[in-house]
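Asks: Protein sequences, first through last, are from chains A and B. Numbered per our numbering, the first sequence spans residues 36 to 469. Numbered per our numbering, the second sequence spans residues 8 to 283.
Hint data in this document are derived by calculation from the structure and do not stem from the laboratory. Among the clues, some could well be false.
[As the list claims (entries may be wrong)] Below, a sample of chain B positions facing chain A; criterion: calculated Cβ distance under 7 Å:
1. Arg77
2. Pro102
3. Gln104
4. Asp121
5. Thr129
6. Arg134
7. Arg141
8. Gly146
9. His194
10. Lys196
11. His244
12. Ser245
13. Gly247
14. Ser248
15. Arg275
Heads up, the beta-carbon is just placed ideally off N, CA and C, and yes, glycines get one too.
Residue-level listing of the chains:
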Amino acid sequence: MLLCKLKSLSYLGFFLFVLLVSHGYSHIKPASAAINLRGFVEPAYSVRFDNVGPISDRNMLNETRFIMENQWYGRQGEMLDLRLLGAADFSTGHSSDLELRAASVFVPLTTNLELSLGRQVLDWGPAQFEFVNDYFSKDFTAFFLGRDLEFMKAPSDALRVRWYSALADFDLAVIPEFHSDIGPAGQKIPLVHPDPDTGLVSADQLRAAGIDQTFPVSSPERGEVHLRISRLVSSWETALYGYRGHTGTPAGYDQQAEQFYYPQLAAVGGSIRGPLLGGIFWSEVNYEDIREPLAGDTVGLPPDQFNLLVGYQFDPSPERRYLLQAHWLRQLSADGLRAALVDQPDHPLAERDRYRVQFAAEQSFLADRLTLAARFFWGIQVEDWHLRLEADYQWSDAVRFYLGTLFYDAENPASRFGPLQDHDLIYTRLRYSF
Amino acid sequence: MNHRCNFITLIVALLFILSPAVLQASAELPAEFETALELALESYEASYFPGEDVRWQVEMEIVDSRGRTRGRELTILRKNLAEYRQKYYAYFHQPSQLSRMVFLVWTQAEADDDRWLYMPATDMVQRISGRQKRSSFAGSDFTYEDMTGRHPAQDQFSYLGVEELDGRQLYLLRGEPLDSSLVEFAHYKMYIDTETLLALRGEFYDPQGELHRTLTVEQVEEIDGYPTPIVQRAKNHSTGSETVNTMSEIEYDLGIPENIFQERYLRRPPTPWITP
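Let the hints inform the model, and build the full structure from the sequences given.
Replies: Below, the structure is given as structure tokens:
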């Protein structure tokens, strides 16, 4: 039985869709005379190698996802974008979900001014799998459980305005209702108990301890503003960023209320990306200001932080590609925090400077039908790492098969890959595109 | 000892004089071209630079060595700029998994291209290395460089004479890359139509001298006054796969503005120049 529910419908985008088609933009025509629905159906299965840890279930994914999408275009460049996701989860009984991944209208108001409104997937910044200046919502569970990486980007209900000028391009995204990242919730991936001696726990264990671990994924009272100012200088893409909102993860913990929350955050940054020595080089810098009075003084809050990331990708042959990326994070004004952690030298926030590196290699075979990819993440100070291996085989234009394994290890459960230290898994997906 | 050295020198000199390359290079160049490079350059212009701009549809059929086929349908826009610079915008309609994918390429005569790729599924704009021009275009047997042209200044040419192919008279050039580290071939032969100067056939040889890849133009039509390839075939002799590109709806000199060749138009096509 498929129980469908429409979740978080982008009412405004849908309203505009109806309005535009029925009134002033009645000349908008579909992309083709026939219904031009496209999409895919994708059964996916992933299973852990063992069942140690607070979560005993080895089955991580046993689901089928389908996407249906269509776009309509107007003569003046207008675009209506609809993308529907359906998911049937067979791992914990039979549950199903129907969600709008995109329901937005794009309108060029003038030659240089564009507006898009409604549910849309937003992202920016050149870094790969490290989100320095990109504060749009992410679904990390998709990344950790073996789903396609396209599901890692969660959609946002946003108003986006872009203004193109001779000086620079201005891109403003306003999200009236804050959406957090989607991370471990104690169901399939354990949580870190606020008490460092307790370690990892399941959602049931945390609930039994009387700790509220229900992270609100959105809040109508709180919004976000994202800004990007970009310019192409010769072959180099340069950009400045600004953000005002909240941390994507519930990084704050109120010890009195025994409740996690999303601390207020403001950030500014910059990036460049361009060709260098036959490859592509990129860099991002960023300053994060945790706008909470006790930030940097208590373990229950992340400190202000400076980020510097550099990356380089090069193709030694047409079939092979390598990527190297390094990320430096420095705590600012966090002496109090480090003093509080003096007895916990392995805690991820105990070091003033932290470094993360990422290495990726990709090789294609059989005229690009088969691709083998490896990606390795390593947190040098916190001693955690994650290895992703994937084979992607295109049987035909319609049928594609994926087989992969994910390995994790961590010294400290509170580090990035700490909750996944016992979650090594193998996954497979079969996609039929139509 | 001295006699022996003179004898070896004589043999080496004779081998050099009688080598096929030198024999072929000794063919007399037609009077209208001062050098083989000039002939290659004019063919490059005729093949890749007709008109101020152009829009065309491509149906691509890729057949692997086991006879399995894959298809692509795309619209390409091209704008010519000064000093052999060009901008390309390629929008994929089919297959479904590539639908709405866009390649944006800015080419320069003697420098690396600037290339962007938009993947709609992940909504990512990737920057692709412009140096690796010999990589496959969308999984086909055509390379990026086949689609946008290889500037003759990257090669050294020798003129080998005139040959007849399918009833047409063709100039035959032999090209050798100046920097062989950037390409997979050791040399190539290019067959150029003596009337239109279109390159109608290219044969690429690997370092062992084996024929590695063949490009052929199988049909040419005059459109808006420009001789235009309609059917092209790329065959990879190493893998046994081949790709046939069939062009249609070709229109020259439409007045396509340069400002549509920007990242701005990757996430949505520049209507009306592209009709999704």
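Asks: Each hint: holds or not?
Replies: Tested hints:
1. Arg77: holds, 5 Å
2. Pro102: Because about 4 Å separates proline 102 (chain B) from the closest Cβ in chain A, which is inside the 7 Å limit, the hint holds.
3. Gln104: holds, 4 Å
4. Asp121: With a closest approach of 5 Å, the aspartate 121 (chain B) hint holds.
5. Thr129: holds, 5 Å
6. Arg134: Arginine 134 (chain B) check passes; min Cβ-Cβ to chain A is 5 Å, inside 7 Å.
7. Arg141: This interface hint holds because 5 Å falls under the 7 Å limit.
8. Gly146: holds, 4 Å
9. His194: violated, 19 Å
10. Lys196: violated, 22 Å
11. His244: Check failed: Cβ of histidine 244 (chain B) comes no nearer than 13 Å to chain A, outside 7 Å.
12. Ser245: violated, 10 Å
13. Gly247: Not OK, violated: glycine 247 (chain B) not within 7 Å of chain A, min 10 Å.
14. Ser248: holds, 5 Å
15. Arg275: Holds, because the Cβ-Cβ distance from arginine 275 (chain B) to chain A comes to roughly 5 Å (cut-off 7 Å).
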